[in-house]
Structures are given as C-alpha cells and as structure tokens.
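Colleague: The residues making up each chain are set out below.
2 protein chains.
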Amino acid sequence: MNNMNKVGIIAYGITPFTKEDKKIESVLLKSTKNLFENNPNIDRNDIDAVLVSTNNNSKYLSPILSEMAGIQPKIAHSIESLCNSGTNSIVSAYSYIASGLADMVLVAGAERYDSPGQILEWDNSRGEFKHPIFWASIFAKSYKREYSISDEQLALVSVKNHKQAKENPNAISDKTYTIQDVMNSKKLTEDLRLLDCSRPCTGSASIILVSEEKVKKITDTSVWITGIGQKTTSAGFTKNTSLSSMESTKAAGQSALKMSNKDITNIDVAEIHDAFSVCEPIALESLGFSKLGKGTDMIKELYDTNNFKINPRGGLIGSGHPLGATGIAQTIEITQQLQSNADKRQVDDAKVGLVHNMSAAATSSTVLVLEK
Amino acid sequence: MNNMNKVGIIAYGITPFTKEDKKIESVLLKSTKNLFENNPNIDRNDIDAVLVSTNNNSKYLSPILSEMAGIQPKIAHSIESLCNSGTNSIVSAYSYIASGLADMVLVAGAERYDSPGQILEWDNSRGEFKHPIFWASIFAKSYKREYSISDEQLALVSVKNHKQAKENPNAISDKTYTIQDVMNSKKLTEDLRLLDCSRPCTGSASIILVSEEKVKKITDTSVWITGIGQKTTSAGFTKNTSLSSMESTKAAGQSALKMSNKDITNIDVAEIHDAFSVCEPIALESLGFSKLGKGTDMIKELYDTNNFKINPRGGLIGSGHPLGATGIAQTIEITQQLQSNADKRQVDDAKVGLVHNMSAAATSSTVLVLEK
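Sequences listed follow chains D and P, in order. Those letters in the first sequence? Residues 1 to 372, by our numbering. Those letters in the second sequence? Residues 1 to 372, by our numbering.
These are calculated hints, taken from the structure and not from any lab test. Among the clues, some could well be false.
If several chains are the same, the list does not tell them apart, and a pair holds so long as it fits within one copy or across any two.
As the list claims (entries may be wrong) - Cross-link-like lysine to any residue pairs, in silico, SDA-like; alpha carbons within 25 Å at most: (1) K23 / N57; (2) K19 / E121; (3) K258 / D46; (4) K33 / K239; (5) K144 / K300; (6) K262 / K294; (7) K130 / Q72; (8) K6 / T226; (9) K258 / G100.
Note that this is a predicted model, so its numbers are computed, not measured.
With the hints as constraints, model all of the structure from the sequences given.
Modeller: See below:
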C-alpha cells in the first residue's frame, strides 16, 4: 500500500437502470437516498466530501445533492471524464481520504439516457462519425482480422452478459439471447450489430468510502481498495498505437496489480468495460486474463461452465450504460461479490476483485483492485 | 500540516482575460503553453495528473489538453463547482500528491465569456431571477441596512480594484474610475450598478503542484500550500442563515488558518472573491480581517494608503471573471507576491498569503493559505 492510509467501501445505493425521462437532480438523489435507507447507521454529519460523477451539463450538482440529502460537506464538486467519470471519482475520493483531507466521502454518479457524453465532439479526424460505435467498429475489424475471430465469437459476449444481467434486478435488460439472435439484430455498421452495443440509459449509483480508522467504528464488512492504476494515452482514437489492444488498460492494470501486490491470477471476479462486445475480449487480453487473441476462448469457457467471473451483473451490454454511474455501479458489484452478497450472481469464494473502466476507445483507463 | 506531505507550487502560466470568441480547447491550451514556455526545465513525462477546471459543457477536456500539450497522465478529468472550480481543482491536486498517488499535477482552468456557469438554473426559489446579480443585490440591501453602509462606500471597492487592475497586464480592464463614475454607471438593480459587477470573460490559468521531494529537484523558489479549508452550506442562497455574512467562508477560513497554524493577522496579502463589490467587505469580515460592519473602513484605509494587500491583481471586478480560471489566477497572484515577483502590484515583505474563492452567494467557499 506504499504507506498510504487504507480506504474502505462501507455503503452503497443504486437505482434500476431505465429509459426514464427524469431530471438529473432527481436521478442523482435516488441512489443516495437508497444508500442512506440501507445504512441508517451512517451519520450525514460525518461526510466530509460529496463528489458527483456525471456528463450532464447541469452545474453545481454536488452542493445541490448535498442540500437535498441533508449533507454539509467541506469538499463538493463534479467530476467528468466521459465513461470513466465514476472510477475517476472513486480514485479522487480515495486521494482525499489517503491525504487526510477527508475521513468519509460520498461518491454519487448519475446520467440520463440522452447524455451529451455519448457524442464525441472533439475529434475532427473522424469527420461526421462521432458516435462511439465507429471506433468500436474499427476495433472490431482490426481485432477480427488480426486474430481470425468470427462475428459469432464476438456475439457470445452479448449472449453471456445478457444471461448474467437476467440475475441483476437493476439491469435494463431481462431478456436472454442466442448467438443467432445477436447475428440477426439490426446491423449498425459493417462489423457491429445492435445487440453488440450497450444501451444509453438513465440511472444512478452511490458509494461511501472511509478511512481505516472510521471503518472500524461503523462496520466489519468493509471492502478495501488496495490497488489503483490509471492511464491516459490520448484523446483521439486515431492516436492509439494499436486497434486490437488497449494500451491505457494495460498500463492501468499493471499499476493497480503492482500497488496491491497481486497478479492477475489472484483475481476472482472482475467488472470489464464492455461498451461494445469487442471491448470485452480485448480488455481481458490487455489486462492479462488471457493470451492475445484468446479472449473469446476464455469467454466461451466461462459461458459454457456458467461461471459469472467476468461481468457478473451483466456488463454494460446487459445492465445498461448510464455513463457517470457506470464505474460506481461496477465497484458496487465487486463490493457485493466480496461481501458474498450477490445472490444468484455470486462467484464462489470471491476474495479479490477488479474493476476496469475506460473512455473513448480506451484512450484512458482506470483499474481498481478490491479485497475483502 | 497534520503529518501530510508538503505540496509546492513550482510553475504557472496565464493568458490575458478578454472577450475573445475562441474555442474552449484553444483557450485552455494557451495558459498551459505559457507555463511550459516559462518553465522549460519541467519534463512533461513527470506529470502524473491533469485536472481541468471549467464550467464549459465540452467533455473529456483533460485528455484533450493532455494530447495537445504532449502529456500522458495517469489521472485526467474535469472538475466543476461554478466559480469555485479552480480552487476545488487545486485542493484535489493537493490531495492526489499528499496521498502519494501523484508527484506532479497540472491544474488548468479555462472559461469562455458565455459560460453556462453564469446562470443559476437550479434554484426555483428565485423564480426568473437566475443571474447572480440578484443574490448580490439582496446581500447588498441586507448588508447596507444592517451596518448603515452607503452605496458610495461599496463603490470604493470597484474604484480600488480597478486601480489595482491597471498594474495587472492580464486584466480585462485598464481604466480607473472615481466613486462618482461607479455611482453614475448603469443601475442594474436597486442596489447594484454596472461597475459594481465583475465581467464574464474568456481566459485561462495553469499551475503545477508537486510533492516536496520533487520540488527540491526543480526549483528553490517554490511556494507552499500550508492551509486548506472548504465548506458547503447549501446550493440555494435562500438557505443562507445570514445575508450580510458568509457562513461557508467563515468556516473555510477558520479551517485553513488552523491547518497552517496561522491567524488572520499573519496574512500579508490576500485574494478575495469580489464577484460584486458587496462581496469584498463581507468576505473580509467573515474571514476576520476586520470587525463586522467595518470591511468598507478597511478598504478605504488600504485605498488611501495605496496598499495593495487585498486583491492586488484587481480582484474579479478589475481582472475579469472567467469562472473556471479564477481560483487558479488568484493562486498565481499570491504565488507571484510570495516570490516577490509581482512588479508594481508587489506588497512589501509578503511571506504569508491567502486565497478566498466561493460559489453562488457563498453557499460554498474555499480558503487556501500559502507560504514561501
């Protein structure tokens, strides 16, 4: 732990992921209310910081949430880094606690289905192709060619994650699909179909992080953040050195594992950023879960053996992808897994978990290692 | 310092504050370029985090700035808390360094003259009165009544700060005004005139913070952040317990002074958030620089003796107020003062400085204490 203070996760709240047309303030408050309802022992006066993760254009959301939730924090601001906002916010919360500036931090993420973070406005190199599906398609084409992967092999990512989402009561999807269903879904680009894509949605997730000293006074079921890795390689995906691996994910994964004194074989359960089906095998390879080109083989084996190790809540494809809430929802899932509190999604004997989140064609990534 | 790692400011860059209609990305890059031009010894590879402070709606600005400036940071995200964004970002940078997650952090703030942060959309209690001038007017009315202060006494804030801004080459204003000029300027509300107000503008400011260990390798003129205080009381100004004092400023000031083991009499020079003239005397009182109701007397004495102690760069009224850049520009001014590098604005023998920033009718405040 590099002599840092330990930081624990002691409480969480979440909303169902939907297509609801509600104001961002209401969406945001809902998961924080859920958190306090589930944890009546937490004193709002102990909360030193409120960090809001979102791509919404509304301003001053942290003081607004604080006022609505009855909190008067010292530190209050919003954090944005597209899809990676939630995990950036959790790392920021970690730093406030480890630095001694805060003992208890609420991180609340929320997004509406029509989030402006879903359109990539800045990268003129892509001309009119501003929707993320265009970079994902280029990844898919490159990955399939380099490792001789079929569309059906990628489709299995969606099949597996929808199956797992069926056990997640907050997921936007409760349907299961076959490989043929995915192949028959609307072809959006040459290489990707509708069911290869995560869906924009409305949702919120909140989490409370605390210092080690404070944890002991509140709970004995805390989960600890023991590894953090982050890397930004660029903003535009045309700067990526490879389109069939994720360099920022590789760097972030190595840093997080090193900090926690773990290697990838120690990870029992992981949340992987599968905004599009092709992302999951590439991320598994870049993190070292599988050899290069063998990510889809690993996914098939997990599917065949009904093993929920990767994306137990159904990933972004099955759960939905409310950008600012996603990294927090991923972290909540791993927390539940390590607390043996994941119901039908539970992975046996999960002691060490990993969260992988990223933005914009993996131009930036965050990896967290969590332990019970 | 509560056993925290020390954090130093080793470099800064700034742009003139103008009414230019430039893209936010260009505005942002300009002060970072200025920083690197002035500090060619800084190795971009050493930068672990890039934090962008802005109210602009553009997303992913930290990776965009990083790519344009040739940086590949670990941590990269934007921070928003209205006018208080810049100082929130500096405190976040401090926490990343003090926690050990980063050794060197670039904080870059930027805003355009048409920032969406200038309209307060969330507080329905104010009906159609969404521009900040409406809360400032209520403050002015309350403050003038409670302490028998005249419009002319408030006008002197503007006279003083415009005079001081004339010595600031980056200020939007280079004109001086008399009390009568302020009184004769356009009456915008019953209690405030045009020259009582800071102006929205386009501008950018960047700063680099580093760990103590790293400081020694780069410079011997670092300025140290030794005190930090922050407080959020609410989001809506109708929740303020007083309209002629600033409760969040009082709390933040007390925390910052305590952390730095200083009292207010030790402060040689200060940047105070004077979005409107009435803010300066109220903030001086809430920070303890003067007794209640005596802030304008202090301002008159400083003006009469040509003492630049308060808002040497001209404050927000004289310099302009590019929201996300303001807190960083304030911190740069105090850094220059403590380095005896403030030219005609220099306050004699300045050893300890203070930065006060706030948002939305002082519903949240940040106070920093800096030492050389």
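Colleague: Now look at each hint and say whether the structure bears it out.
Modeller: Outcome of the hint check:
1. K23 / N57: Intra 12 Å, inter 17 Å, cutoff 25 Å: intra and inter.
2. K19 / E121: both (23 Å within a copy, 24 Å between copies)
3. K258 / D46: For K258 and D46, only the inter-copy Cα distance (19 Å) is at most 25 Å; the intra-copy one is 32 Å.
4. K33 / K239: For K33 and K239, only the inter-copy Cα distance (21 Å) is at most 25 Å; the intra-copy one is 42 Å.
5. K144 / K300: Result: close within a single copy only, 16 Å intra versus 74 Å inter.
6. K262 / K294: Cα proximity of K262 and K294: one copy only (22 Å, versus 61 Å across).
7. K130 / Q72: between (40 Å within a copy, 23 Å between copies)
8. K6 / T226: both (8 Å within a copy, 24 Å between copies)
9. K258 / G100: both (23 Å within a copy, 15 Å between copies)
Checked against the numbered hints listed earlier, the structure breaks none of them; every hint is satisfied.
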